[in-house]
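*Asks:* The lines below spell out each chain.
There are 2 protein chains.
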Amino acid sequence: MPNGFWDRILWVDLNTGVVEVRSLGEKAWRSYIGGSGLATRIFADLGGEASDPLGPDNPLIFMTGPLTGTQTPMAGRHQVVTKSPLTGIFGEADAGGAFGHTLKRAGYDGIVFLGQSAEPVYLLINEERAELRPAEDLWGLDVYETDERLRASLGSAYVTAAIGPAGEKLVRLAGIICDGRHARANARCGVGAVMGSKKLKAIAVNGNKRCPVAREDELRESVAKGARYLAANTKMMRAYGTAGGLQAMEALGDVPIQNWRMGLWNEGTAKLSGQRMAETILTGRYYCRGCVIGCGREVEIKEGKYAGVKGAGPEYESIATLGTLCLVDDLEAVAAANEFCNRYGLDTISTGSAIAFAMELYEHGLLTTQDTGGLELNWGNADALVELVRQIGEKRGLGELLGRGVRAAAEEIGGLALEFAVHTKGLEFPAHDPRAYNSVGLGYATSNRGACHLQGFTHQFEKAVTMPEIGFPEIQDRFGLERKGELVARAQDLMCLMDSLKLCKFSLGGGLKVTHMVEWLNLVTGWSMSIEEFLLAGERIFNLKRVLNVKCGVSRKDDTLPPRILTLKRAEGGAATNLPPLNQLLSEYYAVRGWDEFGRPQSETLQRLGLA
Amino acid sequence: MPNGFWDRILWVDLNTGVVEVRSLGEKAWRSYIGGSGLATRIFADLGGEASDPLGPDNPLIFMTGPLTGTQTPMAGRHQVVTKSPLTGIFGEADAGGAFGHTLKRAGYDGIVFLGQSAEPVYLLINEERAELRPAEDLWGLDVYETDERLRASLGSAYVTAAIGPAGEKLVRLAGIICDGRHARANARCGVGAVMGSKKLKAIAVNGNKRCPVAREDELRESVAKGARYLAANTKMMRAYGTAGGLQAMEALGDVPIQNWRMGLWNEGTAKLSGQRMAETILTGRYYCRGCVIGCGREVEIKEGKYAGVKGAGPEYESIATLGTLCLVDDLEAVAAANEFCNRYGLDTISTGSAIAFAMELYEHGLLTTQDTGGLELNWGNADALVELVRQIGEKRGLGELLGRGVRAAAEEIGGLALEFAVHTKGLEFPAHDPRAYNSVGLGYATSNRGACHLQGFTHQFEKAVTMPEIGFPEIQDRFGLERKGELVARAQDLMCLMDSLKLCKFSLGGGLKVTHMVEWLNLVTGWSMSIEEFLLAGERIFNLKRVLNVKCGVSRKDDTLPPRILTLKRAEGGAATNLPPLNQLLSEYYAVRGWDEFGRPQSETLQRLGLA
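Protein chains in written order, with my numbering: chain A, 110 to 721; chain B, 110 to 721.
Errors might be hidden in some of the hints.
For chains that are exact copies, the list does not tell them apart, and a pair is met inside one copy or across any two.
Okay, derived cross-link-like pairs now, EDC-like style, lysine to aspartate or glutamate, Cα gap no bigger than 20 Å in a straight line [claimed, not checked]:
{"id": "1", "residue 1": "K380", "residue 2": "E713"}
{"id": "2", "residue 1": "K678", "residue 2": "E697"}
{"id": "3", "residue 1": "K411", "residue 2": "E697"}
{"id": "4", "residue 1": "K660", "residue 2": "E472"}
{"id": "5", "residue 1": "K344", "residue 2": "E424"}
{"id": "6", "residue 1": "K666", "residue 2": "E520"}
Calculated from the structure, these hints are not laboratory results.
Make a model of the complete structure from these sequences and hints.
*Replies:* Spelled out as structure tokens, the structure:
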């Protein structure tokens, strides 16, 4: 085996309790890199796409990348791959923090869970020792409590990934939260509900092994230079977190407001910015392992009705979905809602989206105080926001309905409710508006896990980032039409690679190029991979996910956006009147991808990628 | 009461067998004109939109217009309004022929059927005498047989409207066929199934009353001039029927081929043209009552496997949906399929669409010979075409599924089948491609009965027709974007008026303008209606239908087109690569209409139209 991998994957059968170590061989790693790619390959080999998402046959796979656990900066991440109970198709969720780094340092690249335990368990990993332990006493605890309880008994060197009550109760919006109070979430696609269905409360890991690196001196030199450069170019994010750009993004028309209806909310948005947070509740910052930015916010609220909030503060996506999307301009309430999401183990994006959806239902009388148990769901009602997070997390009251996600809730209610459900393929939109960047709508429409900015990240290529190695040496026109199909396809392939290397995408804003990624991968592994081979692996990974989705029934009809986004021009803001030209772009995108008219990879394409 | 109306509507309670005459008063006629408008007003007052389409509470309304039965040319038509069992929303279907003319001449403006008979009946109307009669002996007969049997017993002066076995068996694609072998069909929206659910086999009418006209001499002079002009400008249609333009339309990219995939099919299309028909199976032509064009084709096939076909030949829509859409280039087979549609009482458009849909399922292995009872549904298989028409008409074999319409069939099969179902709001597309005229997609998306060219007819405004009175004194650019929302709204309002006057839309190609319509209406009725009041009535009628649909759950999400039409660029033909810019146009259209962001008429709009 090359360096960079242990080629040791924990294989945990929750039906029998047997824990083994399995190896895949170098070819698998070189073809799928690690992280998202390798986990998807394993998922596909296990036939996960045919499983009932909450049944025993759905694999739940945690996977680090080749750079994770090495001295490479911003690579301390891990991916979770599973079939999504929210969308019914391929699901995955990425997280930073310390969990992935520590897992790798324990001597494992990843973990595959199969089956379902009869009783609650957690997985303990202490380097060579890996065993399932009873978790009766943890079941019912929230994520922060679980983390604290485990580390109190096992030792503070342990790092955890856990579900809260939401995952236990199979809430479709449940995520997996790593690192306790310094929360980093594998948030999306209901991966926490899958973990709950397996009665797996947590993973606790301790590891200090040095991960073997092929050309250590060269790597050290290269990453030192890279780290300095990355740090120098990300000062704003360090100072103000991911929400430091909130107002600048609003000016571009990028921020979703009032369930995607408004284009500007000047004073309201200002109250939620990273700058405002720094002036008020911010107490510090925290870093993912190996990070040079430190976008994590430590916050504390000492007084008032949200007193007691202490730990991870809301980042941009959470501020936008729990805040601007619901017209809630109370930063403390948003911080409290964010903390409850972390404690219950909920995806803030989907949770905030479901609440904004409910507020619009309430505005139109499709929900009344009879349905809400007396709660007045007026736009901007901060108390209602926080209460609904709790109800979703506890699967009670209106939370039972909202916790199924906006697609299912809208289908249940019917009529106008279907107009308010902003999702693609069942996944609620993240907080970047496709009307602000012409490539973003195409990206959301074709992202394999449903609407996702991270799987295309092209808003950056139309704003700040160039990437000559994939054919885009200039920043692209965000309102243009030229080469958008190509941009989205090539950016998605690259994002597959970053999700497989497990590199943080904020490194792109710091100036990281494909050349650096390949250089670091080769220095770590000892390979001499070319940029072409590297990019081909990204295309392979993206197409493998698409093949899985095609097996789940996905086709052209699903590569779409909701009517509000496709047809409703906003009246104001930096992207006023622009609509995503999805229809014009889709066929070009399919052609670039080598897909047929229904969006299925053609056999020549699969052949070329080694997926036949 | 003014002239032009009797203000006598037959009110038939099929539960009790009671037949009455009711009047509405002049205000209703002046506000809703007649035909489609007045029938919709009655339908709304009866709460028809809340009914089960195949239950006793669904009204089935036949209605003539103020010009019907007078010497006005091209007004011998009638409308059927009901709730559609195919689409689940407001439904209507228009027909020419002699039925409406004769009904008016019997001294009635229309007929409202309510309830359901326990046993098969038909309605006999002989001027003052109107009664339900047993129809046990007619039940099970096809339309031609029913017409012949009735006229043999009642006298050849009688004119019939009847359902065939399809309507009896509640096939959702069933229509009502008038005039027997000189078939004219109230085809769309499953109106024949509603008639079948009422156990109403037929209406037979005899009438020779002179319809009172206010200013007879002036009308005679005006229509004589108009008729000469209309006749002079429609020679091509008289010579070759509605399919005389088939090849010219194909050159524009207007003709749907192979379930909307191909843009050109040169030799194939040539074999189906009106010119080819004239050289082969054509034996004569026939006219609707009062028509000066005579687009009706009499055909006869004397030899070969389709020997025995005799009567109405296929018109353009039928040739395109049973022919080009299925890649069937055998004109005799298309004529036979058309005759079976008439005999079974089926909508040729929806039937041809369902068969093309099935052929695409077969191409992709979603239907096999196991499902088809051995039938090989290859594109262009003429025998399969004819056999499937029979199966749909008899609700047997694969016909049971296809007879539910492409939306329901695709939902039943799922997966890729949903890509092949070309409909809006559950109504299969007529044979004009929205990719060939930028306004047409918007028209199909917003037409009140689902995808419909007749309710907007804007392909003509982007090709040949000008209409200064509604603000379009020039032919519009078919690939342009300017004022398309306004064009579609104003053209839809005008089409509502023509469907209420019961004027044939082919008169537009002959040069008929709004000024003539208003002049004739005033000469007939004695009113002094202004063009403004007239056009406002059109807007009122369109909005009333929309209000009914909103009550059925229709909103912005439903004002759309299928993915194939929205996103698939055709490779060849006169509209190659063009896509309907629906998303760009929808909000403009709503604004022109005075609708809110969800497509609901705003209260000021309803107020302005007297619909509050």
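*Asks:* Each hint: holds or not?
*Replies:* Now for the hints, and whether the structure bears them out:
For the homomeric pair K380 and E713, neither the shortest alpha-carbon distance inside one copy (53 Å) nor that between copies (37 Å) is at most 20 Å. Proximity of K678 and E697 under a CA criterion of 20 Å is satisfied inter-copy only: 10 Å between copies versus 24 Å inside one chain copy. Proximity of K411 to E697 under the C-alpha cut-off of 20 Å is found in neither arrangement, the shortest distances being 54 Å within a copy and 51 Å between copies. For the homomeric pair K660 and E472, the shortest alpha-carbon distance between copies (18 Å) is at most 20 Å, but the shortest distance inside one copy (39 Å) is not.
For the homomeric pair K344 and E424, the shortest alpha-carbon distance inside one copy (16 Å) is at most 20 Å, but the shortest distance between copies (71 Å) is not. Taking identical chains as interchangeable, the C-alpha atoms of K666 and E520 lie at most 20 Å apart whether they share a chain (17 Å) or sit on different chains (13 Å).
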